[in-house]
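Sequences are here, hints too, so could you generate the full structure?
Chains A and B, in that order, give the protein sequences.
Heads up: the first sequence begins at 3 in our numbering, then just goes up one per residue.
Heads up: the second sequence begins at 1211 in our numbering, then just goes up one per residue.
If you are wondering where the hints come from, they were derived from the structure by calculation, not from laboratory data.
Be a bit skeptical, because a hint or two may be false.
Restraint ranges, calculated between C-beta atoms of paired labels, are given here [unchecked claim]:
id	chain 1	residue 1	chain 2	residue 2	range
1	B	Arg-1307	A	Glu-161	39 to 49 Å
2	B	Pro-1382	A	Ala-131	46 to 56 Å
3	B	Val-1405	A	Asp-55	29 to 39 Å
4	A	Glu-161	B	Arg-1244	30 to 40 Å
5	A	Ala-10	B	Asp-1228	19 to 29 Å
6	A	Ser-146	B	Pro-1329	41 to 51 Å
7	B	Ala-1243	A	Ala-56	20 to 30 Å
8	A	Asp-6	B	Gly-1363	45 to 55 Å
9	B	Gly-1316	A	Ala-131	39 to 49 Å
10	A	Ser-146	B	Glu-1220	20 to 30 Å
11	B	Ala-1392	A	Ala-51	39 to 49 Å
Being a predicted model, the structure only gives us computed values, none of them experimental.
Built from N, CA and C at the ideal position, the CB exists for glycine as well.
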Amino acid sequence: MDFDEYVAARGQALERFAYVLTGDAHRAQDLTQTALLKAYRHWRRVTAAEHPDAYVRRIVTRSYVDWRRRGSSREEPVDVVPDLPEEGASADPAERVAARDELRRALVTLSPKQRAVLVLRDYEGYDDAAIAATLDCAEASVRSHASRGLARLRAVLSEPTVPEELR
Amino acid sequence: MNDVEDLLPETLTAVGHDAPHIPGLAEVVRRRARRQRATGVAGLAAAVATAAVTASWARAGTGDDDLPAAARGCTSAVENAVLPAWARFGFSEPEPRASFVRGSLGRILAILGTALNSPPAPDQHNKVVWVASPDAPSDRSPLRITATLAGTGQVVRREVPNGPGPSIVDLPAPGCWHLDLAWGPHTDSLDLVYVPPR
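Shown next as structure tokens:
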């Protein structure tokens, strides 16, 4: 498989992956292109890897974590996120969409590793071992980031909504 | 209540559906690779040339017209060298080389990914990574940029929300821009040259 064939087959999926990680259109494009640029320069090494796609995703993921560590994010955490709908409301598709929107807003409160772990696990379907290999950390650390990330999301979503006039 | 763990996969999938798509991605990446190769060589040459032209211009006492048009009025040179030790955080290489501009007070560094374009090139962002020196550390308050275009007095303001770090800095015209920078209690300034995209 040459570089063009790879990008034709997997480019859009990579763009989506980068966007799910960053939540920012410009940053996602930049992350995708930067990762593909690195892969392009070392294409022989990429194709020699057992799973070339996983190799490129590792570049994207680590670049994302490095970027967040360096201290800048165009995402601004929301001040207050309302409760999710009450139990039973999920049967209503509109309310489920609203719940998803609220969860989406809460994602910006995650640390870079928490978000990377949850995206790899719940978007890419990676198991703990694959996530650990991608992030170059121990599986126990993966489980810890996942658990803390979920706890963080639950905490943010359980904060009460403050009426505008009381802020 | 819907549990977060139950909602998360479909939420992330919904986010993914909103992702931007660049047609011809492989060609965009190849163009960036070609441009970076050219910038690596040309960046150093341009810095040397600008310094040389500035020096000869100063010695000869000639007018501003002798300077390259885009660099006219600029005083900060682009260095293509190993980054100072304090600016290497986040790089995988032990001694990373990069194109960068130092603040006049040495409190901040602007690391440039490629040549800066105005208007922005459609397939390349004006990426600038700001690194504050340990003497002027970031407190994560915004980095405020006041940019003045040399020779015109045109002023624009930009802000990097969480302070020095990666940013995309688009400015409205090509030329030499003087940037006054402020983050927390610290300030510095430097010049950046923006050129029309090729």
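Against the structure, the hints come out as follows:
1. B/Arg-1307 to A/Glu-161: 39 to 49 Å: Once the Cβ atoms are compared, 46 Å apart, the range 39 to 49 Å for A/Glu-161 and B/Arg-1307 holds.
2. B/Pro-1382 to A/Ala-131: 46 to 56 Å: Holds, since B/Pro-1382 and A/Ala-131 (Cβ atoms, about 50 Å apart) stay within the stated range.
3. B/Val-1405 to A/Asp-55: 29 to 39 Å: holds (37 Å)
4. A/Glu-161 to B/Arg-1244: 30 to 40 Å: violated (50 Å)
5. A/Ala-10 to B/Asp-1228: 19 to 29 Å: About 22 Å separates the Cβ atoms of A/Ala-10 and B/Asp-1228, which means 19 to 29 Å holds.
6. A/Ser-146 to B/Pro-1329: 41 to 51 Å: Given a distance of about 46 Å, which is inside 41 to 51 Å, the answer is holds.
7. B/Ala-1243 to A/Ala-56: 20 to 30 Å: holds (22 Å)
8. A/Asp-6 to B/Gly-1363: 45 to 55 Å: Since the Cβ atoms of A/Asp-6 and B/Gly-1363 sit about 48 Å apart, the hinted range of 45 to 55 Å holds.
9. B/Gly-1316 to A/Ala-131: 39 to 49 Å: For B/Gly-1316 and A/Ala-131 the Cβ distance comes to about 46 Å; the hint holds.
10. A/Ser-146 to B/Glu-1220: 20 to 30 Å: holds (25 Å)
11. B/Ala-1392 to A/Ala-51: 39 to 49 Å: holds (45 Å)
Hint 4 alone, counting from the list given before, is not met by this structure.
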